Every structure is written in C-alpha cells, then in structure tokens.
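Chain order of the listed sequences is A and B.
The first sequence: position 92 = 92 (full-length UniProt numbering), numbered continuously.
The second sequence: position 326 = 326 (full-length UniProt numbering), numbered continuously.
Source of the hints: derived by calculation from the structure; they are not laboratory data.
Heads up, none of these hints are tricks.
Pairwise CB distance ranges (calculated):
1) B:V486 <-> A:R77: 30 to 38 Å
2) A:E196 <-> B:T250: 30 to 38 Å
3) B:P485 <-> A:P109: 31 to 39 Å
4) B:P485 <-> A:H43: 48 to 56 Å
5) A:V2 <-> B:Q92: 39 to 47 Å
6) A:Q42 <-> B:R388: 35 to 43 Å
7) B:R388 <-> A:A219: 53 to 61 Å
Note that the structure is a prediction, hence the values are computed from the model and not measured.
Glycine included, each C-beta is placed from N, C-alpha and C at the ideal position.
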Amino acid sequence: MVDAIDHIINSAAKSNYMSAGQISVPIVFRGPNGAAAGVGAQHSQCYAAWFGACPGLKVLAPYSSEDARGLLKAAIRDPDPVVFLENELLYGESFPVSAEVLDSSFCLPIGKAKIEREGKDVTITAFSKMVGYALKAAEILAKEGISAEVINLRSIRPLDRSTINASVRKTNRLVTVEEGFPQHGVGAEICASVVEESFEYLDAPVERIAGADVPMPYAANLERMAVPQIEDIVRAAKRACYRSVPLAATA
Amino acid sequence: MAIWLRRSRSLAHYLKAEIGFWKVPNQRSFLNPCFFNPENSSSTTLTGENYGNPASFLGNSPTLFGSRRFESIKSGREELDLEYENSGHQNQAMDFPGGRISFTSEMKFISESPRERIPCYRVLDYDGLPIMHSSFVEVSKEEALKMFSSMVTLETMDTILYEAQRQGRISFYLTSIGEEAINIATAAALTPHDVVLPQYREPGVLLWRGFTLQEFSNQCFGNKADYGKGRQMPIHYGSNKHNYFTVSSTIATQIPQAVGAAYSLKMDKKDACVVTYFGDGGTSEGDFHAGLNFAAVMEAPVVYICRNNGWAISTPVSQQFRSDGVVVKGKAYGIQSIRVDGNDALAVYSATRAAREMAITEQKPILIEMLTYRVGHHSTSDDSTKYRPVDEIEHWKTARNPISRFRKWVDKNGWWSDKDESELRVNVRKQLLQAIQVAEKAEKPPISNLFTDVYESLPSNLCEQEELLRESIKRHPQDYPSDVPV
Chain A
1 MVDAIDHIIN SAAKSNYMSA GQISVPIVFR GPNGAAAGVG AQHSQCYAAW
51 FGACPGLKVL APYSSEDARG LLKAAIRDPD PVVFLENELL YGESFPVSAE
101 VLDSSFCLPI GKAKIEREGK DVTITAFSKM VGYALKAAEI LAKEGISAEV
151 INLRSIRPLD RSTINASVRK TNRLVTVEEG FPQHGVGAEI CASVVEESFE
201 YLDAPVERIA GADVPMPYAA NLERMAVPQI EDIVRAAKRA CYRSVPLAAT
251 A
Chain B
1 MAIWLRRSRS LAHYLKAEIG FWKVPNQRSF LNPCFFNPEN SSSTTLTGEN
51 YGNPASFLGN SPTLFGSRRF ESIKSGREEL DLEYENSGHQ NQAMDFPGGR
101 ISFTSEMKFI SESPRERIPC YRVLDYDGLP IMHSSFVEVS KEEALKMFSS
151 MVTLETMDTI LYEAQRQGRI SFYLTSIGEE AINIATAAAL TPHDVVLPQY
201 REPGVLLWRG FTLQEFSNQC FGNKADYGKG RQMPIHYGSN KHNYFTVSST
251 IATQIPQAVG AAYSLKMDKK DACVVTYFGD GGTSEGDFHA GLNFAAVMEA
301 PVVYICRNNG WAISTPVSQQ FRSDGVVVKG KAYGIQSIRV DGNDALAVYS
351 ATRAAREMAI TEQKPILIEM LTYRVGHHST SDDSTKYRPV DEIEHWKTAR
401 NPISRFRKWV DKNGWWSDKD ESELRVNVRK QLLQAIQVAE KAEKPPISNL
451 FTDVYESLPS NLCEQEELLR ESIKRHPQDY PSDVPV
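So that you can see chain B by itself, here it is in the shape it has in the complex:
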C-alpha cells in the first residue's frame, strides 16, 4: 500500500511538472473566453513566426489561438469518455482548445479493440423470419415485390453480361453478385432527389431508379446510344436525370466529392441528401479520412455506405485494417455510425431510411457499414479462386444468398410463388438477351465524340485534328472499319 502511494505521488508530481511547463502564467487570460485580442497585430501568427514558439505561447500572444479555435473552444462541450468517468482526479477539469477535459491520475491507454465487436443490426434470420423484437420499417407488398424482382433482375443482368465478356462480346465487366440486397434496398430507401455518388459495384441503384436493361447494355457495348458517348469502359454508367454520378474508376475520390455535393444541397436547403458508396478497400485511401472529417466539420448531409464485402480484389479485410471493421472509424471523426447485415434487405432498408432521415433533419453525415460478401470475382480481370477457397465462395453464394433470404420472407407473406419466380426469371432473361443483341448490332459512336466535351467548346487544335482525321479517312477508306460511322 505504501509503495503504491509513493508511486502515485511521484506520478502526480511528474504529471504536475509536465503540466506546469505548458501552464500559461496568466490563468485568467487563458480561461477568459474573450482572450482574442484584436489590437494585437500578431493576429496572423497562426502560421507565422510565433506559432510553435514556446516563449510566445507562455507569453502574451493570446492571438495564437485564432478566431476559429476560439469558436471551437466555446462550442466544444466534449462528452466525458466513460473510461475516465470513475477515475477523476478530484473532479479537476481544464479548458483546452477543443473544449473542457477532465483529468485522471490513472495512466490508461484506450484499448485498440473492444472486448466485443460492435454488433450487427439485423431483421430477418436465415429462414426469412423476422427476429423477435426487431425494430424495422414496414415495407408494403408492392415495395417488397419491386425490391425482390429488382434483385433478381440485377443478378440476371450480372450473370449474363459477365458471360458476354467471357465470350468476347464486351471488353470488361464487374458483378455485384452477393450484394444485391445492398444495391436494391438502399436505393429503395432513398428518394429520386437524393444524389448518388457510386464507386462501381452499385448498378442496382441505377436499376431501381429506372435505368433500363437496354441503357445498361448500350454503355457496356459503347455504341451510339450510350449516354457516355463511348468514352468509358463497361460498367461506368452515369445518368444526370437519375441523379447518379457517372462512375469514375478511381477509388474513394467520390468520398470528399460527396461532401461538396451535400454542401450545395445544404446551401439550397433541399429536402435531400447525398449517398455515396465505397468498399472496405476504399477506407484505406486518404480521401476516405479527409472526406469523413470534412463532412463532419461542414455538417454535410451525406450518408456514407461502406460495402464491407471482405475482399479488396485479393486483399482480405484482415490485411486491410486492424480496427473492428469500418463502423468504429465513424466515431473517430465524430460521425454517428451503424453496422448492418448487408445481406438482410429489410435491415438495409430500415437503416438507410433512418440514416437519410437523420442526415437531412440534423444536417450531418452518417456512416453505415454493411457487412456482406463479394461472391463474384473482383472483375473479369480477376480469378478469385487463386486467393480464396472455392467452398467459401460457394457457401456465401448459396447458404448466405441475400436474394433467397428475402424470397423466404416474401413467400411467407404469401406474396410470391414458384410460378411467379420462374416467370420473372424467364422474362428478365429474354429482355436482357434482346437488349444485348440490339446493343451489339447498333452503330458505334461517331468520331466527333473523340473530340467533344474535353472542354465546353471545341478548341481550335482539336478542330484541326478532327479535320485532319476526316481527310485521312477520306483518302484511305479501305483502312477505316466499315461499321464505324464517320
């Protein structure tokens, strides 16, 4: 006992000595909220010579804390961390930039991972039965059937277009197999006015909003009817009228861009939010951290949806981060977050509805981590059997399939039958094969599309180059493909 006392006394003494170094001699000026002195000409010293200079810190340059930090001290009423509540050191607290903090004499490091992982919100069990006492947003029969048939359509579209790539008819494809619930249920929970910034594994959102199988196929084949004018590789869909930003291959760049888009909605006081998606791999990008932090500070109405599907191409989540997944990262930025079973359409729907509500009424970002599994390969350029076991893939494809799980619930409500199922699948398949045929036969985009949209108006050098190209084609018609319009 005596030893402990001695140790703690010296510890307190040690801590006091340390604090003493930083103590501002004039206690009043530090705690006085009016310490910002406009007369002091060194108001620009935040980045100037005085910053970081201990002498001036201890001296009389209160303007070291510029007006912005002054604001944050006033509004920063930090919540006491539970861990420190009981070990308060005589209830002493101190105003630091950022708010009031209590002291503790116990030197305790916060654990890097909780004893228990953050639990996952779920509504339906694997038999499609709602779990007792589960809270969720009711879905009407019409809505449920639309969701279900969209999930089936998405799965069919993916399967057939993937095959088209294997047959050499399109150059590339990327499936969302296994993530149909995330794709469709999040889309169903939004309104058409909510702006979507996708990564690339969310075509279901566009499908839900009315993009047709023909429009999808046109983009994949890069024909004349492609809204992208043949500029991008397959799956890089985009549509202004559906409020769906064109897919850009770069990872996580949409995260800070979403903040900007949300801020403009905020300025216009729109009853809408921005929803942006990314995978587990995207959370390792610098843009994820900058974006989330920015959204929190700007109080932007963004719903961040992370599709944690276990794999970033061949990198498993165990090599992606050491945190308890993505949900805990929200707290680090001051963002409310939730973990959801991404293969449970009802849970996804409810959580997204709630998040959207909060984002708009409270004007702040929300983070949702949807746990799921990427059943397909990363893309047609990948063979995932090379880095993961085939039976793992099979397990998630069958036993943990989000479509069959939702189907069970829909069946139990008496809203669907096997006959409906086979009719739907036959129908969608027929439509899709038809759309692919049409898209394949359609003309390619004209060469004027090579030069337009680089700038708003065609610059003179591109004008010249286009003329030269046309002349060249005229002179050597035999070298120019006959099925491409000039």
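Looking at chain A on its own, in the form it has when it is part of the complex:
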C-alpha cells in the first residue's frame, strides 16, 4: 500500500475537495499492514499513523472477524476513500461470532470504537492485533486486582474521541497500545485528545506502548523485542496505577 501512497493521499484523499465535489472517490484500499513474522523492515511497518493524519481519508483497522466483516462492508458502501488496514497474522485467527454478524447485511458504523472489555481502573486503547494482546493483559491485571477497560478503536480516522474520553473520565488512567513507531503515532494523537478534553480527570501521566523506534529487525529474538508484548502492556498499566515505579524515575 505504501507503493501507491502518492495516489492514495494526493489523488484519492484530496480529489473530492480539490475538485469541489466534482470528482468523488468511493474506493477502498485494503491490505495487510504492520508486522507479520520474520519478514524484516520493509514488510513490517504499520502505516495507521501516516494514513490517519490525512484529511479526506477514512482509516479502519479491524481486529476480530466481526470487525472485518462489518467494517469492510461499511467501507465499501462509504462514498469517501477508505484505507482498510488488515493484519496478516490475524487472517489465520478464529473468533466467535453471533448470528447477527453472519447476516448478509451486517454492517458496522465507521468512527465508533468498541469497548471489548469493561473495567474501572485503567483504560487501554488498542487496534488490530494489539487488541488481542490488550485483552490478555487485562486478564493478567484482573488477577492482580486491576480492572482494565479495553477499547478496540476499530476506526483510526475518524477517531472515536468521545468513547475514549468517556472511558478515561471513568477510569482516570490511560495506556495506549500500538504496533507502529512511537513518534507521531496513534497513541500520541489519543494522548493529545485526552489532555485537551479530559485533563482534570487524569490521575497519572498517559502511558504509550508502541513498537521500538527502529526499523523492524529480522532475527526472531530481535523481532520479538521490537514489537509490544503482553508483559509490556501489563507493566504500563501497573505504572499508570502507581503499582510500580515510573520508567523515567528508574533512569
């Protein structure tokens, strides 16, 4: 998808605006995004942040089968250009689905996040594969008495700021999780949104979990260290809950 990025951004995203509505681009660009396994730097980057920055585009990132079906249908029906970021490793994963999801007309709204697991102590936002990791982290945290609320963003642009903020106002703590690079990432945008709208509600600094700030290495042990793991999310949630010393203080 990065090969066609000039067409996606400079043509697809901007044409409707530049032509004053004369050229509409109801197209869906779909494909694998982010780290697979053992494919190296040029095949592992997550582009959610890059595409998410562009006005004119809608950017979706499904996690479960329900997401994939409902969001893709919504994307196709949407009159604007949509970038649909799938995950290669999730292609092989199965998810339980309800009868409603199996119905041929099942469609999800674009711009609405899903609360995958309710909680009251800390909010964890994630998208794509990291939702699975966040849910597992929530299980581990529950055993230690921390009730985590996991939000599956589903939509990177438009970002469901109201769901995120409502959750933070409830829990007062936030951990953002993404596979992509940390600088100018999705977590950075979420953090800014929460600081702008729910500053007084925060009881701790926002924790951002992201991929390592290096091109993805190939060797399996290095690759494992370059992508967030479940333990990283658990540790971050504990830091946000003052259950362990903040990273900066250990330096």
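Take the given structure of chain A and dock chain B to it, following the hints.
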C-alpha cells in the same frame, strides 16, 4: 575462416550448455499446452516456496506457471524481430512463457538508437501549404475557422492573464504559448463524450468545449463563482459537464488514472475514449511506465498525448531521456505510436482523429508524441531566460508559430482576412478584460467552503471547527476582511 568456425562452434557449445541448464527434462510437459495440473496442490506456489527454486523448476511442478502465464503462452504469438530474421539458427524456435521465440547464433545487441530517428508526421509546411501527397483528414471551413479563432483566443487569454499575475492581481499563472495547435486541434478531433484527463498545459481543450472566458477568470481569481469553490491555485480548472477532469498539480498521476477511466468506458461499451496529456518531463515518472503498461495489458481505450515541448521547467530533453524521444517508448509497452509535428494543426487533428478511431474500435491504447516548443516560461514562478537563449525562444515564437502557420493555410483557402483578424483580436481582448474585471470584483467564496467536500458529509469535528470559527469572527469583526463573506 577456420578460426571463425572454431569460435562459433565453441559459442554454440557455450550457448547449448547454458540452455541445457534450463532445459526441462520432460520436454513433453513443457510444450504441452495442458501442463497446468490442477491436482497438484502447489498451485499457489507462484509466490510461495517453489518459485525461483531451480530444483523444482527442473522437477515436476508445472504449476509453477500459474494459469495467467498459461494464457499468455497460448495467445503470445510474438512477431519475429526483423533483426533476427536472417540469422536464424536452423529455424529452431522455443516456447517460452510469453510465446514462441526463434533462436539465433549471432550475439547481437539491439542498438540503443536507430540510425535515423523516427520521422515526424506533418501536413502543412511553414508557408501553410499542404505538402504533396500528404494524407490528412479534411477540415471544413467552419471547423477550421473555429479552430483558428480558438487558438487566437487561447493565446490572448494566456497573454492577458499572465500580465494580470505580473500586476499582482492573481497569484499564479501558466501559459500554453507555442502549444495552441496541440490544445485546440486535439480537442477538435474529439467528441464531447471523450473524457479528458489533463496535466495542466491544456486549457485550450476546455476552451474548445465551451468553458467561457468568465469561467476561466473566476477560477483564476478564486471567487464565489469558481466551480472549484476557491480550493485550488489558478489554472487548476475542472468541469464535469465538459468531461474535463480537474487539474491536479502532481505530474503524471493522471496516466494510470486514465486507464481506470478508460476501463470503465470499456465495461460500459461506450463509443468514447479517454484522452490524457503530459509533457516530456512526465515520461520520466514511474506512473508513466506503470500506466502505459497497464493500459496495454488491460486493452484500455486511451489516447496518450505527450506534448514534447523540449523543456521540463529547466531540464532540456537532452537531460530527460536518451531514447529517440517519447514515441519509441510506446513499442516497449506494446502500444502503437506516432510522432507528429505538434505545431501543425492539421497534422495534429488528423493523427488525433485516427488515434481515437483505433482506440475505440480496437479497444487499445495509442501513444502520440507531439513535437513542439514551450515558448513561455514554465510558469509565472520561472524565468526561462536564465537557462535558455533568448533568440531560441524568439525563433519559436515567430518563425515557428503554430497560429501563423495555420493562418497562412486558412488565408490561402480564402476563409480569413486581416480585417477578420483584427476584429477577432479586439473582440477577444475586450471580452477577456471585461471577464477579469467582473471576476476581480466578485465576492470571495464563503467560509463554509473551507470545510465542505473533505468528505461527502461534514464530519462532526469540522462542524465544530466551523462553529468556533464563526463565533470567533463575530467576536472580532475588525480582524476579519470586509470583502469576504462569512
């Protein structure tokens, strides 16, 4: 003689050894068109583990050649290249993916440039006289006069709007001076149903189709009547009703997009084609190569018109490519191409008519290289005297002017006079100055235009921002320009 024989024998031996490595042990399975074995579960190995593995290539995985390549072998009846015709090696030929190829024992590299450059199709000489035995499409008096007056109108519009920019009345402008024949004659050869994807130096096509001087001026001034709602800088015209895609500044992006548009015409079986324009510089972009290749494979009805005007801003063609111009590139993609004198309106008209005909009836792309000269600067942000000699510019502006050349032909037919000429020029000038005045005085677009069309419907965040902006304006009216509507 003996030495030569020895050399050639060892060469043949060398070649045989090389071929032997690639020879599939089971000759039958290779040449048998039914070698695609659906039972073999490795049918997905085109990108999988077996691909590129010599062991499996030589072994029994005929499904290495997936169904697509199977199709191309069947239909690929390659024409023998003339160069190899006479040096055939005992008339042996081999089926490679892509078709049958003859062998030759002569190791010969194809020349990078022909001894003679591809000649240029032309109808009128510099005195406006049709060249003997020239074949061209007849043009009626009415058509010819419409073409001529459009060329004059285009030239006048360019001259005056360029001046308007120099006077600070518009922010930017880009002229088509020297390329009026290409602009108007190609447009005249098309029908209103043909979809045009311009680069940016083809406003004449829009002019021909009926875009008025007022509409052009409105876009340049970015006022309320601009069809672009003030979104883009000057010369980025666009009009759905004239089948003219809005100009996008990015170079060559229209080339692959044209294939898509043409494919939709093909699917709908329309009696129309897509015509897209680009300059010599645009042919160096990746999109040019991807687009032409795509058009050829998809058999899309696109007419590609390259305005080879010698300059890509300050890059002369000698630094742009080392091929014999652009026309030879068509062959590389399997596209029929022609080179035309872009300053000869009749040649341009005839070639475009023919290309359009072929593109639609045969459903395939055509490439036309129009040779011309960019008389003006690249744009108002450029001063071309800094990188090319002034007398070169003068020469093409006067002696090689496409308008005066066509004028001579029109005169010789007795269809035009000096009086008609001066009347036309005075008229157009008056109309244009009037249009500019109106456009300049007109209101600017309302601020709602800042937020609409980003998406089909206004998203909540932009709704909010618009409200905030309006509130802010209400609170500080003295800081808001009085001539801009809210």
